[in-house]
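**Student:** Line by line, the protein sequences are chains A and B. With the working numbering as the guide, the letters of the first sequence map in order to residues 1 to 343. With the working numbering as the guide, the letters of the second sequence map in order to residues 1001 to 1343.
Derived by calculation from the structure, the hints in this document are not laboratory data. Glycine included, each C-beta is placed from N, C-alpha and C at the ideal position. Incorrect hints may appear among the rest.
What the hints assert, rightly or not - The following label-pair restraints were derived from C-beta to C-beta distances:
hint, chain 1, residue 1, chain 2, residue 2, range
1, A, Pro208, B, Ala1294, 52 to 60 Å
2, B, Asp1215, A, Glu191, 40 to 48 Å
3, A, Gly190, B, Gly1336, 37 to 45 Å
4, A, Gly268, B, Asp1008, 40 to 48 Å
5, B, Asp1008, A, Thr68, 15 to 23 Å
6, B, Ala1124, A, Glu191, 45 to 53 Å
2 protein chains.
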Amino acid sequence: MSTVHFFDPSIQLGHGAGGRASRRLIEGLVSPALGIWGPSELEDGAMLVVGDERLVMTTDSFVVSPRTFPGGSIGELAVNGTLNDLAVSGAAPLAISVALILEAGLASEDLYRELEAIARCAGAAGVSVATGDTKVVEHGRGDGLFITTTGVGRMHGKAALGAGRVRPGDAILLSGAIGDHGMTVMLARGELDLASESLRSDTRPVWPYVEALLDRFGPEVRWMRDPTRGGLATTLNELATSAKIKIVLDEGSIVVHDPVRGACEILGIDPLHVANEGQFVAVVSAEIASDAKALLRSLPGGDEAMVIGEVEAAEIPVVVAVSGYGGSRVIDMLTGDPLPRIC
Amino acid sequence: MSTVHFFDPSIQLGHGAGGRASRRLIEGLVSPALGIWGPSELEDGAMLVVGDERLVMTTDSFVVSPRTFPGGSIGELAVNGTLNDLAVSGAAPLAISVALILEAGLASEDLYRELEAIARCAGAAGVSVATGDTKVVEHGRGDGLFITTTGVGRMHGKAALGAGRVRPGDAILLSGAIGDHGMTVMLARGELDLASESLRSDTRPVWPYVEALLDRFGPEVRWMRDPTRGGLATTLNELATSAKIKIVLDEGSIVVHDPVRGACEILGIDPLHVANEGQFVAVVSAEIASDAKALLRSLPGGDEAMVIGEVEAAEIPVVVAVSGYGGSRVIDMLTGDPLPRIC
């Protein structure tokens, strides 16, 4: 076992928020205890080579509160989220498992509705729910419904993805607007004196976009990730650290819908830190960046895809955003915990 | 979607106990909502054919209370339980994923201890923890630590298992004593005015036994299952229903350790309904039954393996136990809920 370097005496909500505290927990305690080393093993999906097949396995627990919100619910997230982790690993989905932890007292119709959502999303992605499990805990020992989904996928034949493939000069491609999911869930809690008629979660499968990119551009697509907990800022900081690069974002090119921008301003949250469920960010070679953006924009729901920045060589990994006025600021990972239980 | 036939307005603890109420929930609500039909799809593991490979996928959430007990803990169960589901499906483990739902306030050292147990058990089984996820919920919205593990395995080349392969005349082979796990956990709760110095959970991997049987006897092994929640009685009733057979047990040949038998008598519980974590039950052809028992007994920890009964043709599926005095009784599935959160 490698050395533990996590000194918080107990687990707190911030350790689950997806930002710096989560990373400390994973890198400082979970990975050493499990005997896992190296950042590559902290990726969202693990590759399994079986015979001649390259498979990808990924798992996620979903604890979102509230369970339903405009544009989606825990059941949809549980399928789309896990299939999206496969997608950004370059894998088409083969099968998904569903493990339920129910709290005694959960209304049967609420359970049925979420199971239907699971079946609908799996069906839309062309994947079967292969197997499952159901446990029940006493009232007060859970929170209605937790869902853990695990996906197994088959790597796209042309996929060659990894932080190690990212090079200075590469472009950063973003599939659409950011922050819709996280802000929708936060407002749906009703704890803030804010509401928006037009805000909806962006939950959707990203595999159709990813598959189109890989079919056409193959290894010119270097790296992909879905910026969920911790938002785009955290995801890009993790990339900068893994690849030892500087990422320069053109802040004006990042689409943020008005209700998200407004709510972020009122709450003092950077939209770059807000979770997304139906977006992905890719590093692609500069040569294909413009064509890749055009390809995404030609697909339904891809009309807000943008090239948002580029990769530069760096001594010290960093993410910088340049504003329309030419000023620049360092974009850090999410710290603290404004956004618990967003997925 | 097929028709829902589950009319309980809400989920209760008994729906998670593994017996009749669990079956009603799964068959009446979960499977129809997910669009899954037929008993074969309710097996513990699902087969995925990928290229030339026969893979098995299985998932389980672990919510055992208390988290530690004599002989084991939730981390060990989470690995052994999922790998055992692979094993009784005939699959050697390839990889396991670990998804954690932590309750805010969980002591970091408790988490570390369970992660170490996960690593130890995975290492002992020769399987890597491929990927994982960590979520945190508010204090009072969880119960310390829930663990969901998903296993992917590769089917043994000689495995040809399924309830459809069971034939009248086949023998029922049991790997060892029953009830140790469930009774240990129940007593560890401290709610009963009972204690036993010698009682320990039986949690262990069963793959070494299964692999030895398949290596030597191949398709003469017809069917296997690990009798966890709901105990041996529930598992055999499920087999009887699936295979449309009568199972006749020689009750005197089923090993029940004295502390388990004593506690069951005091509590009015049938040992056949108590959960096991380190045992499996197999249907094998009559020709090899005695050799199969001898093979298990030749392996470390297999010295209590027994042939406990046989399969007969039947119009109506049923499990019957014959006592040493020649009397017989029908053995039903677990009904009611004396045994929640045992795994």
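**Student:** Each hint needs a verdict: does it hold in this structure or not?
**Tutor:** Quick rundown of the hints versus the structure:
1. Pro208(A) / Ala1294(B): 52 to 60 Å: holds, 57 Å
2. Asp1215(B) / Glu191(A): 40 to 48 Å: Given about 59 Å between the Cβ atoms, the range is violated.
3. Gly190(A) / Gly1336(B): 37 to 45 Å: For Gly190(A) and Gly1336(B) the Cβ distance comes to about 39 Å; the hint holds.
4. Gly268(A) / Asp1008(B): 40 to 48 Å: holds, 46 Å
5. Asp1008(B) / Thr68(A): 15 to 23 Å: holds, 21 Å
6. Ala1124(B) / Glu191(A): 45 to 53 Å: holds, 46 Å
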